[in-house]
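Full structure from sequences and hints, please.
Residue numbers (full-length UniProt numbering), protein chains in the order written: chain A, 1 to 210; chain B, 1 to 210; chain C, 1 to 331; chain D, 1 to 331.
Hints are computed from structural coordinates only; laboratory data are not their basis.
Incorrect hints may have been included.
[Claimed, not checked] Cβ-to-Cβ under 10 Å is the rule here; a few derived chain D residues that face chain A:
id	residue
1	Ala79
2	Ala83
3	Leu111
4	Ala202
5	Ile203
6	Ala207
7	Gly216
8	Gly223
9	Lys227
10	Gln229
Just so you know, even glycine gets a beta-carbon here, dropped at the ideal spot from N, CA and C.
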Amino acid sequence: MNTLNHSKLNGMFLAASASIQQQVPYLNELDGKTGDGDHGTTMHRVCQSIDSSLTNSERPVGQQLDDLGWDIMSQDGGSAGMLIGKFLMGIGAGIAAEEVNTEQLAAAFRSGLDQMVASSGAKPGDKTMLDALIPAIEALEQQARQGASIEQMFEQAVKAADEGFQATKAMVPARGRAKNMGERAVGYLDPGAASMSIMFESFNQYIAAA
Amino acid sequence: MNTLNHSKLNGMFLAASASIQQQVPYLNELDGKTGDGDHGTTMHRVCQSIDSSLTNSERPVGQQLDDLGWDIMSQDGGSAGMLIGKFLMGIGAGIAAEEVNTEQLAAAFRSGLDQMVASSGAKPGDKTMLDALIPAIEALEQQARQGASIEQMFEQAVKAADEGFQATKAMVPARGRAKNMGERAVGYLDPGAASMSIMFESFNQYIAAA
Amino acid sequence: MKKFINLSENITTELLQGLAMTFPEKVQVLSEKIVARKTPKDPNKVAIVTLGGAGHEPALSGFVGEGMLDYSVVGDIFAAPGAPKVFEALKMANCSAGVLFIVLNHEGDVLSANMAMEMAKREGINVKMLLTHEDISAGLDQDIKDRRGLVGCVPVYKIAGAAAEAGLPLDEVFRIAEGFNKNLATLAVAMSNATHPQSGMAIGDLADDEMEIGMGQHGEGGGGRMKVQPADDTAYIMLDQLCEAINVQTNDELMLLINGTGATTLMELFLVARACHLSLSDKGAAVARSKVGEMLTVQEMAGFQMCMGKFDSESLSYWDKPCDTPYWTQL
Amino acid sequence: MKKFINLSENITTELLQGLAMTFPEKVQVLSEKIVARKTPKDPNKVAIVTLGGAGHEPALSGFVGEGMLDYSVVGDIFAAPGAPKVFEALKMANCSAGVLFIVLNHEGDVLSANMAMEMAKREGINVKMLLTHEDISAGLDQDIKDRRGLVGCVPVYKIAGAAAEAGLPLDEVFRIAEGFNKNLATLAVAMSNATHPQSGMAIGDLADDEMEIGMGQHGEGGGGRMKVQPADDTAYIMLDQLCEAINVQTNDELMLLINGTGATTLMELFLVARACHLSLSDKGAAVARSKVGEMLTVQEMAGFQMCMGKFDSESLSYWDKPCDTPYWTQL
Ligand SMILES: Nc1ncnc2c1ncn2[C@@H]1O[C@H](COP(=O)(O)OP(=O)(O)O)[C@@H](O)[C@H]1O
Ligand SMILES: Nc1ncnc2c1ncn2[C@@H]1O[C@H](COP(=O)(O)OP(=O)(O)O)[C@@H](O)[C@H]1O
Ligand SMILES: [Mg+2]
Ligand SMILES: [Mg+2]
Ligand SMILES: [Mg+2]
Ligand SMILES: [Mg+2]
Numbered sequence: 001m002n003t004l005n006h007s008k009l010n011g012m013f014l015a016a017s018a019s020i021q022q023q024v025p026y027l028n029e030l031d032g033k034t035g036d037g038d039h040g041t042t043m044h045r046v047c048q049s050i051d052s053s054l055t056n057s058e059r060p061v062g063q064q065l066d067d068l069g070w071d072i073m074s075q076d077g078g079s080a081g082m083l084i085g086k087f088l089m090g091i092g093a094g095i096a097a098e099e100v101n102t103e104q105l106a107a108a109f110r111s112g113l114d115q116m117v118a119s120s121g122a123k124p125g126d127k128t129m130l131d132a133l134i135p136a137i138e139a140l141e142q143q144a145r146q147g148a149s150i151e152q153m154f155e156q157a158v159k160a161a162d163e164g165f166q167a168t169k170a171m172v173p174a175r176g177r178a179k180n181m182g183e184r185a186v187g188y189l190d191p192g193a194a195s196m197s198i199m200f201e202s203f204n205q206y207i208a209a210a
Numbered sequence: 001m002n003t004l005n006h007s008k009l010n011g012m013f014l015a016a017s018a019s020i021q022q023q024v025p026y027l028n029e030l031d032g033k034t035g036d037g038d039h040g041t042t043m044h045r046v047c048q049s050i051d052s053s054l055t056n057s058e059r060p061v062g063q064q065l066d067d068l069g070w071d072i073m074s075q076d077g078g079s080a081g082m083l084i085g086k087f088l089m090g091i092g093a094g095i096a097a098e099e100v101n102t103e104q105l106a107a108a109f110r111s112g113l114d115q116m117v118a119s120s121g122a123k124p125g126d127k128t129m130l131d132a133l134i135p136a137i138e139a140l141e142q143q144a145r146q147g148a149s150i151e152q153m154f155e156q157a158v159k160a161a162d163e164g165f166q167a168t169k170a171m172v173p174a175r176g177r178a179k180n181m182g183e184r185a186v187g188y189l190d191p192g193a194a195s196m197s198i199m200f201e202s203f204n205q206y207i208a209a210a
Numbered sequence: 001m002k003k004f005i006n007l008s009e010n011i012t013t014e015l016l017q018g019l020a021m022t023f024p025e026k027v028q029v030l031s032e033k034i035v036a037r038k039t040p041k042d043p044n045k046v047a048i049v050t051l052g053g054a055g056h057e058p059a060l061s062g063f064v065g066e067g068m069l070d071y072s073v074v075g076d077i078f079a080a081p082g083a084p085k086v087f088e089a090l091k092m093a094n095c096s097a098g099v100l101f102i103v104l105n106h107e108g109d110v111l112s113a114n115m116a117m118e119m120a121k122r123e124g125i126n127v128k129m130l131l132t133h134e135d136i137s138a139g140l141d142q143d144i145k146d147r148r149g150l151v152g153c154v155p156v157y158k159i160a161g162a163a164a165e166a167g168l169p170l171d172e173v174f175r176i177a178e179g180f181n182k183n184l185a186t187l188a189v190a191m192s193n194a195t196h197p198q199s200g201m202a203i204g205d206l207a208d209d210e211m212e213i214g215m216g217q218h219g220e221g222g223g224g225r226m227k228v229q230p231a232d233d234t235a236y237i238m239l240d241q242l243c244e245a246i247n248v249q250t251n252d253e254l255m256l257l258i259n260g261t262g263a264t265t266l267m268e269l270f271l272v273a274r275a276c277h278l279s280l281s282d283k284g285a286a287v288a289r290s291k292v293g294e295m296l297t298v299q300e301m302a303g304f305q306m307c308m309g310k311f312d313s314e315s316l317s318y319w320d321k322p323c324d325t326p327y328w329t330q331l
Numbered sequence: 001m002k003k004f005i006n007l008s009e010n011i012t013t014e015l016l017q018g019l020a021m022t023f024p025e026k027v028q029v030l031s032e033k034i035v036a037r038k039t040p041k042d043p044n045k046v047a048i049v050t051l052g053g054a055g056h057e058p059a060l061s062g063f064v065g066e067g068m069l070d071y072s073v074v075g076d077i078f079a080a081p082g083a084p085k086v087f088e089a090l091k092m093a094n095c096s097a098g099v100l101f102i103v104l105n106h107e108g109d110v111l112s113a114n115m116a117m118e119m120a121k122r123e124g125i126n127v128k129m130l131l132t133h134e135d136i137s138a139g140l141d142q143d144i145k146d147r148r149g150l151v152g153c154v155p156v157y158k159i160a161g162a163a164a165e166a167g168l169p170l171d172e173v174f175r176i177a178e179g180f181n182k183n184l185a186t187l188a189v190a191m192s193n194a195t196h197p198q199s200g201m202a203i204g205d206l207a208d209d210e211m212e213i214g215m216g217q218h219g220e221g222g223g224g225r226m227k228v229q230p231a232d233d234t235a236y237i238m239l240d241q242l243c244e245a246i247n248v249q250t251n252d253e254l255m256l257l258i259n260g261t262g263a264t265t266l267m268e269l270f271l272v273a274r275a276c277h278l279s280l281s282d283k284g285a286a287v288a289r290s291k292v293g294e295m296l297t298v299q300e301m302a303g304f305q306m307c308m309g310k311f312d313s314e315s316l317s318y319w320d321k322p323c324d325t326p327y328w329t330q331l
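Below, the structure written as structure tokens:
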């Protein structure tokens, strides 16, 4: 497929929400190693927001994603909630139409990423969710530039996200609650990057089946 | 032997102190089941008082025991400390001479028991140290009346003390911190009675060897 | 045992030194184990004295100060102070207005208090003893003499202390404090065992999924064991018994204390307090005054004591008087 | 997990209700998660706002009241409130004198605060943000922006609150509070893990004989692990680092806080406080004011935070002003 409509975009996020909600204990456990043990709980709240916001697509897509981002931010979701809220608001601001082509889709995700990065203060290699998200979105862009299909875009993005997630294991944290553990955090995966990797995994499965 | 002098009386209590100090963890453990886990700690303090007070016999015996009782009471020894302090003050008040015969010895212990009972408010069967102490002192009196030697007196007293101690296992507590456990305390030995039984055991061994 | 201590036999003296160093303008330690107000009260006012073991901080000595206690005689961990020390404190407190001596009903405390009272009377000290015994865990039919004293001593200190500070004579201070004391009821619940800081031993044997309502002051048993319940259910079970014990009626002005005993968080205590407020207002009764926090602890034992009392206009007015102690300050 | 809770998703709203029911004359809850003074401050005085996750009671909301905070915006357990809620509170606080917004340096809190600040500025609200970041566990060479905010926020609330109550303009309140804030240093030590009350999971993995100095606010690691040390040794290790951090000199007037984080008893905290007093007086320095108790907890984690600061005559005078909040009352 070469375009993605509003309802399929919602479907992607709803699919991600369903998968993430099954991983709540795992995400809490990861965060218990290097943080305060609540990243699963945060994501559970984020997912509840997604579920209740995206069940219909009556509002314009940009507006709907902006509202969702604000709603996620209102859920008291700690760092991750705030950043994911920004991400969605950014996608909402950057999405060109109700139905977008591959380049427009990549551009919308880029807009989300930029918004998140602007608030986050983190750089690649800081052992955060950005380490999964940045390569994933770069893959989307690269694929779109090369004329790939939407299926191919997400197939590559999920690989990039997962590699980025796995790479966090070797990183020394420079942001977030893990920061103070320094070298001792090496060997542990970043929970936020885990969420991003699960999210792209679900996007890919949803698109492949759609 | 048919008389006991001041120095041997001191020796008896010093021997008891040495044995009890070896049982501190055991006594704490017993108290942990039905009380607040500190009877061993209490007895440790009582024994330190005994050790530092009875190393010489220069003062008159009555005076020395009275001072010791007061010193024990000053050690913050909870219920048991207060009662044992009274017991020693009572022996001090009731002891007739620096060297006493069997009847005088029994009378001195009776005087100690009476003082303790007067403060205690407990009755036989209440699952307290009295359940070991009362039969022990009754045995001393009975033996003395029958013309037994001091060795025989303590041989019988230790049996009575130990039986009384064992009997506390089946009793429902009516005094002390165990009281509120009611029926649930049945099956546990009373820690204060354990101390009294150890004390008479040491008296007996000391006298037998003296 | 994991505790921040030095030599176990020095815990009590060191902790009292720490208390006095932290509140140099409020309290001082006399004769090693007697905590006294820094600025002594006017001798024409009744002095308030109490006694008890350590290991329950902030109680008892954390309530020495203006408007509450004048002297707290401290024993060792979970052990009553000996009668000689108590007598010493009663002599310090001795004044023209007399002394009110507040004692929690525990065997060791009472033994020591009784002996000290004998000595004090022989010395001609004008002292009256008040016994607190509001633990209803043994059952409502139990002789009041057989009930333990739990956190209820703290509001009794407050009311007696305020009445004394107001200059009332000893008989009046006693009457007011005892009137309030008679209408108190407490239940304790525990979820985990305390560790004795000197022996290092756990007191009690609660299983991983159990709690016990009717627990004593040191983790010694005495209540009903059950599976752990939610905050609301736990609160209702306890509250209903307390209401029955003091016969709560519509329009009563109630005191509610939720006293954390150690590892239980203030977060949880607020949940319990909320449940009590809601349930009482369902019954048509209202909490006039309340306190939530750690007043009398049992080392790191998880659990709390719920204490209820009834005010009359007199006791309520003394509750509301200012006080200035290390752990109860009120404007 | 053994905790007195009901549904885990309701913990925060229920605990705030419990707080408001317990202190009806001091605080109220607005818009579900904003704790505000019952009697609002004169709008001609600077309003003080803070934000932070729950699960640390009494902090932060237990310090709302006369002479300290005006508004505390609460998130969920260990989770910062979202920017929309924080913005709502800044609008409530908005007044002619302006708003001082005190934020602890934690990623989530700062993200939320920054967004809310943007919104507030766009709305024309006169608000200045002050960041607390006194945790020196990452090392003294660390960029101050990379230090976490621990219990040091509490004395900053006190001093800012008193300056605001005195009617000082926003710039002055900021200057005094920030001057004090810059001379603060804190270290935390933990002996046991906290349990997250929503996931039921232990945070951290301290072994039975270990402690960790440099622990974070939620049990997240960050310091040096070592075998459990006696109270005195633990205190000396921490105190020496704090003295170096704020460059303690003879004749300095020092603030000392010993903040229990959960299961550690006040008994132990007094031992630690005593060691600090003795050691400081050996160094020729003196504690001018101190507090010992639970101010900012980490659930039932055993351990404490030691916080030191330097007074000048100005900050000391504001420390000494009266305040009347649920968990800090001073005459
Ligand atoms: N400044 C940041 N930039 C990017 N990601 C961050 C930042 N701070 C934290 N994160 C991400 O958030 C995750 C933690 O989220 P969560 O546990 O929900 O929030 P909190 O840390 O507030 O408890 C981390 O694993 C990390 O991926
Ligand atoms: N009223 C009493 N009469 C006789 N013995 C008592 C009484 N109260 C307590 N005891 C004894 O004291 C023992 C407990 O002593 P201990 O643990 O040292 O004191 P505490 O109970 O104050 O902690 C009990 O086992 C019991 O034998
Ligand atoms: Mg987290
Ligand atoms: Mg005992
Ligand atoms: Mg005891
Ligand atoms: Mg968090």
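Results of checking the hints against the structure:
Taken as an interface hint, Ala79 of chain D checks out: its beta carbon lies about 4 Å from the nearest beta carbon of chain A, inside 10 Å. For Ala83 of chain D, the suggested interface contact is upheld, since its CB lies about 5 Å from the closest CB of chain A, less than 10 Å. With its C-beta approaching chain A no nearer than about 4 Å, Leu111 of chain D sits inside the 10 Å limit, and its interface hint holds. Annotation: interface hint on Ala202 of chain D holds; nearest CB of chain A at approximately 7 Å, less than 10 Å.
Against a cut-off of 10 Å between C-beta atoms, the interface hint on Ile203 of chain D holds, since the closest Cβ of chain A lies about 4 Å away. For Ala207 of chain D, the shortest C-beta to C-beta distance to chain A is roughly 14 Å, which exceeds 10 Å, and the interface hint is violated. Checking Gly216 of chain D against chain A by beta carbon gives a least distance of about 6 Å; that is within 10 Å, so the hint holds. At its closest, the beta carbon of Gly223 of chain D sits 8 Å from a beta carbon of chain A; the interface hint therefore holds under the 10 Å criterion.
Taking 10 Å as the C-beta contact cut-off toward chain A, the hint placing Lys227 of chain D at the interface is violated, the least distance being around 17 Å. Below 10 Å, beta-carbon pairs count as interface contacts, and Gln229 of chain D has none with chain A, the closest being about 20 Å; its hint is therefore violated.
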